[in-house]
Each structure stands twice: as structure tokens, then as C-alpha cells.
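Q: Given next are the chains, with one letter for each unit.
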Amino acid sequence: MNSMTMEERLALNKYDVDTEAHIRLKEEVCRECEPRSCLYVCPAECFKLREDKITFAYEGCLECGSCQIFCDKGAIEWSYPRGGFGVAFEYG
Amino acid sequence: MNERFDAIVVGAGPAGCAAAYSLAKEGLQVLLVERGKFAGAKNMTGGVLYGPVLNDLAPDFWKEAPVERHISRHVIAFLSERSSLSVDFNVTGSDEHNGFSVLRSKFDRWFAHKVEQVGGIVATGLRVDDLLWDKQRVAGIVAGGDEIAGEVVIAADGVNSGLAKKAGLGVKLSPENVNQGVKEVIKMPREVIEERFNLADESGAAIHFLGFCTKGVHGGGFLYTNKESLSLGVVAQLKALVENNLKSVDLLEGFKAHPTVKELVKGGTTVEYSAHLVPAGGLKMMPRLYTDGLLVAGDAAALVLATGRALEGMNFALASGMAAAETVKRAKEKGDYGKETLSCYEKLLADSFVLRDLKNFRRAPHFLENQRIYSTYPDLVCGLAERIFQVDGNPKEKVWQLAREEMKGKVSLWRLIRDGMSARRAI
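Those protein sequences? They're chains X and Y, same order as listed.
For the first sequence, position 4 (counting from the first letter as 1) is numbered 180 according to our numbering, and the numbering increases by one without interruption.
For the second sequence, position 250 (counting from the first letter as 1) is numbered 265 according to our numbering, and the numbering increases by one without interruption.
Bear in mind the hints are in silico, worked out from the structure with no lab data behind them.
Because the structure is a prediction, the values reported are computed rather than measured.
Hints may be right or wrong, so weigh each one.
Covered, in the sense of this in silico footprint (three residues per stretch, anywhere, with C-beta under 8 Å from a C-beta of chain Y), are these stretches of chain X [unchecked claim]: (1) 179-188; (2) 191-201.
DSS-like, lysine-lysine: derived pairs with alpha carbons at most 27 Å apart [unchecked claim]: (3) X:Lys224 to Y:Lys230; (4) X:Lys190 to Y:Lys281; (5) Y:Lys230 to Y:Lys262; (6) Y:Lys354 to Y:Lys344; (7) X:Lys190 to Y:Lys262; (8) X:Lys190 to Y:Lys52; (9) Y:Lys277 to Y:Lys180; (10) Y:Lys180 to X:Lys202; (11) Y:Lys299 to Y:Lys362; (12) Y:Lys181 to X:Lys202; (13) Y:Lys242 to Y:Lys277; (14) X:Lys249 to Y:Lys180; (15) X:Lys229 to X:Lys202; (16) Y:Lys187 to Y:Lys202; (17) Y:Lys262 to X:Lys249; (18) Y:Lys187 to X:Lys202; (19) Y:Lys202 to Y:Lys281; (20) X:Lys249 to Y:Lys299; (21) X:Lys249 to Y:Lys181; (22) Y:Lys349 to Y:Lys40; (23) Y:Lys180 to Y:Lys344; (24) Y:Lys262 to X:Lys202; (25) Y:Lys121 to Y:Lys187; (26) Y:Lys202 to Y:Lys242.
Cβ coordinates follow ideal geometry from the N, Cα and C atoms, glycine included.
Using the sequences and the accompanying hints, generate a full structural model.
A: Okay, here's the thing in C-alpha cells:
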């Protein structure tokens, strides 16, 4: 079996994307952050480093909760998506 | 909604469904709330659902539930970079139904439907935002802008349980006590699965991997056969991932490309990619399980057993959900939902396998911190097997001699014995 990019992986899943993000970053905290563990810890690679700025794309989130556990800087305002929104696994 | 429920159960996974089903069956007014657009939408597993517990609640459930295959083959496989050594236990052909592979999106949907069949109300697509308080006691939930009153709330809202936290009972999740699992569901024709895994009709295999699947860090790999798909995944401690600059998705790719695994998944098509956290800290991370008007069950209470071979959670979720229901029934009879009365929940769990297993295996999480389990030993056994099975035309050495040579530079005999002793104590 061939390897897949993250985009290809997430494209397999069904999502009902809300109009508002359920997870928000405090930019000023992320800017100062050294380890930037969120880049490793998110299994959907929702966190990206763009021109030395951490961005978060909530659309592909798998709702695991890893980022809020690992970020000890308090940069992540975390909640689940509103009821009915977000990922909907067909197999699970 | 103005009525007052006897119980509001939050989360339609195995813990929540088991609790709601037990209560509704006895005629209690039950509301089961699920944030997914259907029960199971947010859930995935890298585990086997063991039968006996659910069978107590719904006899012969497997005849009607959408289970995948009953597990008749258990394999433990040690992986080095290019080889593997397996222990293969096989009872194919037996009609015992001890454990099942399941796909949770289907299974949980079925279970929530069972709750409705016995008169429970299931509200899906509803996220619970807060607890409703009456002075110091929990008196219901706030969801979708509505206040919904209940005599008692059962928080079965999973590993990231927000509700337990709001009541001051939350699990303290940390990178050390949480494992991250990622999984692919790989479509494959039924006949190919049965032939490739040497399975009779309806029977299935559960394979647990140690070693190269996590590049030697704390965790393991798994493969379960479903009816017409495979569940393939990797579970690794969150701390170990970040400390080693590893991403679990890369581990999964490496695992799939391993010569042994590659042959097992060959020709399949990945149809889903999911991720989930598993509380793996055992008794140490378990929160207080009840307070006035609230009980915590399943992953929300970190009721997961780490044995080194796998993490067993669904069974513990079911049993804790059932114990929570029993507690609520007794509370209703007394007409009192205070923590004195609800303390019976912990007693029920203490008398069952749930807390007994967690106590008995309380040293396991610490033992499983030993790096050698994931790197040195899998390499060692694969290396030794290679020495034993390879015939190179030179005079042969006895097995013990080969073992000592293989151990050289990897682990001392003294270290091996000490690890063996702690394994004996822990698992």
C-alpha cells in the first residue's frame, strides 16, 4: 500500500464543518513558544508553521484532545465542536 | 424540556449506553445525550470488545449487534526493523464468543438504539456545555442553551471529560499518562481476509505488535480483522512521541511499510483515518468517582487497564456504566442522590473486576515505562530467532550460547533478570 499525505488521509473522513473554529490559539503565546510541540502532537497536522507563525486549521480536527494536554503554555482555548459538527466516523 | 429525568447520561459510548440501557430497562426516566450527530460518530477503538460483561446485560447480544468477527486467534508479534517473531494462539473453529472486533460507529449506534427500544430518550447532536447546580449538588445539565434537570448525571463523556472536571472530579491528563492512538480502516474482501489470516467464517484475529512499530518508543501496534476490513493502528505515549520528535502518523506509515505488515495489508484500500486518546495511567490517575448528584464512568474516570499487551477499556466502560446504573437504582429507591448514597458505586466497582484488575495491575503503568520493552527486547528476540533459524554452513552453537551472543552490547544478563522480576510483579 502506498503512503498517503495528511490531506489524502483527512479527505477520507466525513466532516460537518462549523462556520466557527472550536479551537483557538493565543497568537502572542505561540509566538514566544520554543518547543512548539503542537506541530508533532496533532495527529491531523492541524498546526502549521508559516513564516514563523503557528496557525491552526480546525476543519480537519479529529477531536482527540492531544493539543490541549501538551500545550502547557495555555495558548489553546479548547472545546469540542458544537453538537452535530466536526468529524463523523463511518467505521470507527 | 421541563420534565425532570431520573438520570441524565452524557456520552453514548459503551459506558453511557450500558448505564442508560440498564436504567431505562428498569423503567427509569433516562436521557442519553451525545454530541456526535449519531451515537458512535466520534468514537473509535483499537481494541477487542470482550463479551461476558455485555452478555450479562443483553444476553446473546452478539447475535443481533453489529460485531465484526469473534476473535479466535490472538497473536503477539515482536518486530525488529526487518523481521518479526510471533506467538500465535489459535482456537479457530471454536464457537466460544469471548471477544469481538468492532467498529464503533456501527456498534455504538446499535447500542444507543437499544436504549431507545427500552424507553430511554436519546438526544444526538447535542453538546453538553455545563452542569446545572442546585447549591452544592449537581442537578442536571446545560446543553444547546437549555437547562435540563435530572436527579443524577452520569458523566460518560470520554477521556477528555469536561463534565467531571466541572464537578472537580476530572482526570488529570498529562503527556505521561495518556497514549495517542491513530488508526486506519482498510477495506479488503472477506475471502482475502479469511485466507490471509487463516480464519474460519466469522472468526477473527487480533494481533498486537511491539518494537519497530513505534520506532522503539513506549507504545505498540495493532491489527484486527473486521468482516470486510482491517483495523490497523499505532498507540504511543504522548510524552514519548514529542520527546523523540515522532508523529504517530509517521509511525503508522512505517508500521504499514514493515515487511511483515506490508504483506498483511497488501491490496487493501484505506477508507478512514482516525485518532483518539487513551488514559493509560491506571489507578494513579483515577479521579474520585462520585459527588452529590454525579457519577463518572468509563474513560472519563480513566477506567482502562494497561497490561503491556494491550489497553483494555471497553469492557471496563461497560461494567462501570452498569455499576453506575445499579447505584442510581438504589438511590432512587432511597430517594436520595447525595454522595453518601452514591458511594455505593465505588463499592460495586471494588467488588468487580474493574477495580480489582486496576489494583492488581497497579504497577503495570510504571513497569511499562521501561524503554527496553519497546526496543531492546523485540530486537533481541528477533535477532535470536534469526540466529537459530539461519543455517550458514558453519558448526552450530547451542541456543543459550546464541542468546548470550545476541545479548552482547544490548542488555546484561543481570538487567534481563531484573526486568523479568519486575514483569512478574507488574503484569
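Q: Which of the numbered hints are not met once you compare them with the structure shown?
A: 2, 9, 16 and 25
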